[in-house]
Amino acid sequence: MSEIVSGLLQALNLIVTLDPEVMQIAALSIMISLAATVIAASISIPLGGIIHFYEFRGKRAVIILIQTLYSIPTVVVGLLLYLMLSRSGPLGYFGLLFTPGGMIIGQAVLIIPIITGLVIAALGGVDRNISDTLISLGATGFQTILQVVREARLAILSAVVLGFGRAISEVGVAMMIGGNIRGETRVLTTAIALQTGIGDFPFSIALGIILLLIALVIVVIMNILISGLSTESQQALGGPRI
Amino acid sequence: MIRIEGLSRTAGSKTILESINLEINRGEIFTFIGPSGSGKTTLLRLIDLLDSPTTGTIIFDHTDTTAPDTDRLAIRRRMSMVFQKPAVLNITVAGNVAFGLNFRGIEKSETDSRVHEALDIVGLLHLADRKAVTLSGGEMQRVAIARALVTRPEVLLLDEPTANLDPVNTELIENLIKRIHQSFHTTMILSTHDMIQGQRLADRIGVIMDGKIVQVGSIHDIFYLPNGKDIARFVGIDTILKGIVESNDDGHARVSVSDAIIEVITPCQKGTRVSLFIRPEEVSIALKDGDLPKTSIRNQLQGKITRMVPFGPFVRTTIDFGSGLTALVTRRSADELSLAVGMTVIAGIKATAIHVIPDSG
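Protein chains in written order, with the numbering used here: chain V, 1 to 242; chain B, 1001 to 1361.
Chain V extracted, bound-state conformation (with noise of 0.2 Å):
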């Protein structure tokens, strides 16, 4: 119990002081995090609108295989990435294994299809009438497409915000890709993975409660957007959050 307590002090010691260690390491890790989920975004969104607004065959089915991939294990991404990235692999001409950039890919193909998910889920939530009513008011098809997107922006938001906190909270990816190389691609997660195995717990502490703190901050987000949405998209998105 006093290993705990002691752990709590020195690690609150260690992020008072602004230790450079750990601010390095939640620099890196919402750096990362943030690139991985620009990226993400920008295919997630017109990905999702696209299966959202055209018909085609197999429609259903590519629903069913995205929302399957949003659990997918993180270590199944990196296991797979590992193979493209590594120098043997058809990636490796790049040499992106063990680099930031290795894991912002990484924890880009993770969430892209939880935010690709959650975007048609969005655009589901706005009321069909809305796009009969743009229509028939005279929009070109761009038009409409345009107002239900900026319907549901608020809804697509806290998709992108979702799709960070699971990219900044995973482990796998930046492991296996990153490799956890101090001052290059240690990140908070795989940090607190390492300290605590070495025994180092005030650090692990330390750097578990800025992931907290990150969490508690997404969370913030989240509820402010979701309370400026429409009962349809909040059920969309799981419900109202308090």
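Quick caveat, the hints were computed from the structure, so don't treat them as lab data.
Since the model is a prediction, treat every value here as computed from it, not as a measurement.
Note that the Cβ used here is the ideal one computed from N, Cα and C, for glycine as well.
One should not assume that every hint holds.
What the hints assert, rightly or not - With the C-beta cut set under 8 Å, the calculated list includes, among others, these residues of chain B facing chain V:
| id | residue |
| --- | --- |
| 1 | Arg1077 |
| 2 | Asn1090 |
| 3 | Gly1095 |
| 4 | Phe1099 |
| 5 | Thr1151 |
| 6 | Arg1152 |
The hints should help you fit chain B onto chain V, whose structure is shown.
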């Protein structure tokens, strides 16, 4: 203005609309009435070019609407539609009303003044800056009407515009529709399952049943001269009697129904099997022992009251004279005459109030 030729629409193996042929004139209020699920909404959506027909064509102001998307857009922009369930976007009321103008690239100053004018017409100017999603159902429907009106459409389509509203809001919307029609002479196409609303709002009525237009005519034609049993029942004719013409003297015929003889006006000749349609409000009731009113009522049928059902300020009273006959009596009359089930009364019907059609089978 709009000519519909051989229109049909199927969804999978289900036929929603079949062989629709119709002409809607410029400036009239044409109302489709029919039970829920009869195809009214589908037909309005086809007219507004939101969907495409399976077969047939719609000619809009001499232009065939079976055209490329850009041409269809141009035609669609000459119309507006108000839906049964108004969908408003999560922005201000004024923003919602401005959509149609924004889509057409109208300048902001012009848009502002037209939005102001449209909101004034529907009486919502004071709510212009309110978020539209916070409005009541009636207010949302008025926003939808303002939004449809602001583009100054040549044709305004209204799909069950009062289906989800209370009586006060229903009256408000109906008055608004009439006022818009009087002011702008817009061609209006309405759908409603409420035959009384159809009666209040229409210049002409088309009755849709099971995806087919079964009768088109004036309010009088549809409500007093329905050309079939199903239409008659839908427009509130409770009593449909079967009989045989016993004699016909210059259009003044005697028809035997059960054990009674009913006098009617019809060209049907002796021996013809006929159906007699009698509206409940055309039937008067007098006490058996009371003085029979000295009127032009030719048919005085004696029978027993078998059923009395309250119907708003009226009592729907069924009299058995060998066949069933329904009368709509005011509550006050029912009380004054002390009408009760089991009582023998005289039901009076004018010969001219009975619609006769030859029985097809």
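Checking against the hints above, which ones are violated? The structure conflicts with hints 3 and 6, although it agrees with all the remaining ones.
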